[in-house]
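Let the sequences and hints guide you as you build the complete structure.
Okay, here's what each chain looks like letter by letter:
Protein chains: 2
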Amino acid sequence: MAELKNDLFIRACKKQAVERTPVWMMRQAGRFLPEYRAVRDKVDFLTLCKTPELASEVTIQPVDIIGVDAAIIFSDILVIPEAMGMKLEMLESKGPVFEKPIRNENDFKKLRSIDPTKNLKYVLDAVALTKKNLNYRVPLIGFSGSPWTLFTYMVEGCGSKNFLNAKSLLYNNPKLAHSILDRLADIVAEYLSAKIEAGADAVQIFDTWGGVLSQKDFNEFSLRYISKIISNIKRSDQPVIVFAKGVHHSLKEIAYTGANVVGLDWTMDLHKVRNEIGEKVSLQGNMDPTVLFADEKVIKDEVKRILASYGKGSGHIFNLGHGILPNTDTEKVKAFIKYVKEESVSYNK
Amino acid sequence: MAELKNDLFIRACKKQAVERTPVWMMRQAGRFLPEYRAVRDKVDFLTLCKTPELASEVTIQPVDIIGVDAAIIFSDILVIPEAMGMKLEMLESKGPVFEKPIRNENDFKKLRSIDPTKNLKYVLDAVALTKKNLNYRVPLIGFSGSPWTLFTYMVEGCGSKNFLNAKSLLYNNPKLAHSILDRLADIVAEYLSAKIEAGADAVQIFDTWGGVLSQKDFNEFSLRYISKIISNIKRSDQPVIVFAKGVHHSLKEIAYTGANVVGLDWTMDLHKVRNEIGEKVSLQGNMDPTVLFADEKVIKDEVKRILASYGKGSGHIFNLGHGILPNTDTEKVKAFIKYVKEESVSYNK
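For the record, the sequence lines run as chains F and P. Note that the working numbering has the first sequence beginning at 17, numbered continuously upward. Note that the working numbering has the second sequence beginning at 17, numbered continuously upward.
Read the hints as simulated data drawn from the structure, not as lab findings.
Which copy is meant is left open, because identical chains are indistinguishable; a pair holds if it fits in one copy or across any two.
List of simulated lysine to aspartate or glutamate pairs, EDC-like, C-alpha gap at most 20 Å:
(1) LYS177 with ASP345
(2) LYS313 with GLU236
(3) LYS191 with GLU312
(4) LYS191 with ASP311
(5) LYS348 with GLU358
(6) LYS354 with ASP311
(7) LYS320 with GLU236
(8) LYS244 with ASP202
(9) LYS103 with GLU115
(10) LYS268 with GLU292
(11) LYS288 with GLU269
(12) LYS268 with ASP285
(13) LYS177 with GLU108
(14) LYS354 with ASP80
(15) LYS316 with GLU359
(16) LYS365 with ASP23
(17) LYS316 with GLU236
(18) LYS191 with ASP317
(19) LYS232 with ASP317
(20) LYS232 with GLU312
(21) LYS232 with ASP311
(22) LYS232 with ASP285
In C-alpha cells form, the structure reads like this:
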C-alpha cells in the first residue's frame, strides 16, 4: 500500500509527533467555495451526492484551493434514511425535509432493511474514486451521523427547535426508540466499515444533536449506540473521531467509547478537556465558525489563543467547532489555514 | 409591610430552610394556558404587555390554576429596545422581528436614551397592580434580558441560528459592541431597580443566548455586563437570579457576580454544580420542558431524579431548564407541580 504524502492528520489522531498541527474544516466540501457552487448550480444536492465523479470533485476542491490536511467525502448524513425508503427533499428555505416522518411502530416497520454496500454503493464508489484521485496527497475521511442525530431528522421530519417529537418518542415509547436506534447503529457500523474498505483513512461520527439531551438521556439514547458502532466497525488502524456538539457533560464517557479523537465545539475549553481526557484521546477543534467573518487580525489571534489553549505536544487536530458557514470568504479561510500552519510549528517542537 | 403567605421561593433563594422545594416555571405566564390564550385572542402581544390590567391577569393565572410558588410578571425582554425606538413586530411564524436592526454606529446613535421609570412605566404599573392583586399570596418576580441577549435581537433583527451579525459586530467593532452593551446594562439596572421599587420580590436576568459564545467572548461581552447590572441594582434584600442557558463553562463566574441564584438548563448536573457553587448560591432548575409531553409516570420519575440530584437541604428552586413550551397540556403541568410539592418534602427535613 502506498503511503500518504501528508499524513499529519493521521499521526495527530494517533497522538504521534507532527511537525505542525494539521487542520481541516467540517463541511469544507460543499457550502462555501464558489467552485462548489458552480458544480451545484448544475445539479441538485442529492444528485451531487449520488454522482461519484461530482462528489469526488467537490471533495478535493478544498485540498486544492485551501490547502487543508485532510479531505472529507462530500455526502450527507441523511443518505441512510433515504436509502431506507424515506423520501428526502432538500429545500433551500427549510433544509432537509422528510415527507413522512417516523412516529410509530407502523412507520418504522415500513422502512426497508438495507445493506450499505448495495444501497449506498454510490457513496462507496465516491470514496474509492476520491481516494484514487487524491493520489495519496492527504488522507480521506468518511463520516456518518450518529443514530440519535439521524433519529431526530427521521422523527421530526425536518429541522427542529425543541425536538419535541423525537424526545416524546424517547419518553413515551422507549422500546420503539431503542429498536430504531439499534437498527441505525448496525447500519452505521456497516456503512463506516464499508467506507474504510473503500479507502477511507479515518471516519467521523457526527452527533450534531447530542447536546439537546440531558446527560441521562444522552447516555441512554445516544452514547450507547455510538459505543456499539465503534465496537463493530471493521478497521485495521483507521482512527475514529466522535464529534458530539454541546455534549459538555460526557466528554470522558465519549473518550472511553474507543474513539481515537473527540471533536469539541467552541464552547469547550481545550486546555481543561485535554487535562481530563488528553491522555486517552486526541482532540479536534474548536474555533467558532463565525470568527471567519472577522478581520484577519482577529482570526489570527483566535488561532493563536486556541493553539496556546491546547498547548505543546501532539494530539491536536485544528478544526472549526461546527461546520463552516455558507458565504464564508475564501480569502479569509485561506488566511485561517495559513495561520494554523505557521503558528502551530512552535507547539510541536 | 405585610408578609408573604407563601415565601418558600424567597427562602430558598436565600438558602434558608423550607418545608418543601418551591416550584415555578419560566414562561408560565403566557404561552401554554388556555386561559391565557383566551385573553391573547382579544389583543395582540404588545398590547397585552402594555395593558397593566391584562398583564396582571395573565401573570396571576398560573398561581390560581397551577399552584406555582411564585408569579413572574407577564412581559417580554424586547420591551427595552422597543422603548429605545426600535419598531418591534411579533410574527406568529417568525417570532419577534425588528424592522431596522442595529448594525453600525449610525444605527446605534438613532436609538433614544430612555428612563425606564417613564418609558417603561406600563411594566412598572403592571408590577404594582399585580403585587396588589396577588395580595401577598406568593412572591412576584420581575425580569429582564441580559445585555448580550438583548443585543443579539437588536443586531440580528430576528431569531438567528448562527448569530453571525451579532458576533461579527463583536469581532469587527468591539468598541461599538461594548458601547451598546454598556448602555443596555445601565438601562437594565435601572429597569430592574424600578421593578423592585414597584413591588417585585425578586428579579431574574435571562441570558438566553449566552451559550452561543465561547467562554472568552461570554466573559467579555456578556458576564461583564451582568455583573455590572447586579452591582447597580437598587435593592434591600430582594434576590437576583441569573439564568444563562448553555453556559456550562462559567457557572462559577456567574456565582461570583453577586447573584443569589443561578438557573440551570437541563444539560447541567445539579449534583455536580451544587458541589462547585452550592455554598455560594442557590440553584434553580432544571427539567427539560419536553418532559411535560411524556406520560405522568415519566414526569414523576424525572422530578424524583432531579430532586435526588440536588439532594437534601435548602437552596433548590425547582423549575424547567428553559421556558415551558406552547401546547403543553395543563393537566400534565398540574401533575408536575404536585409531584414536586409531594416528593420534595423528604429532601427538606
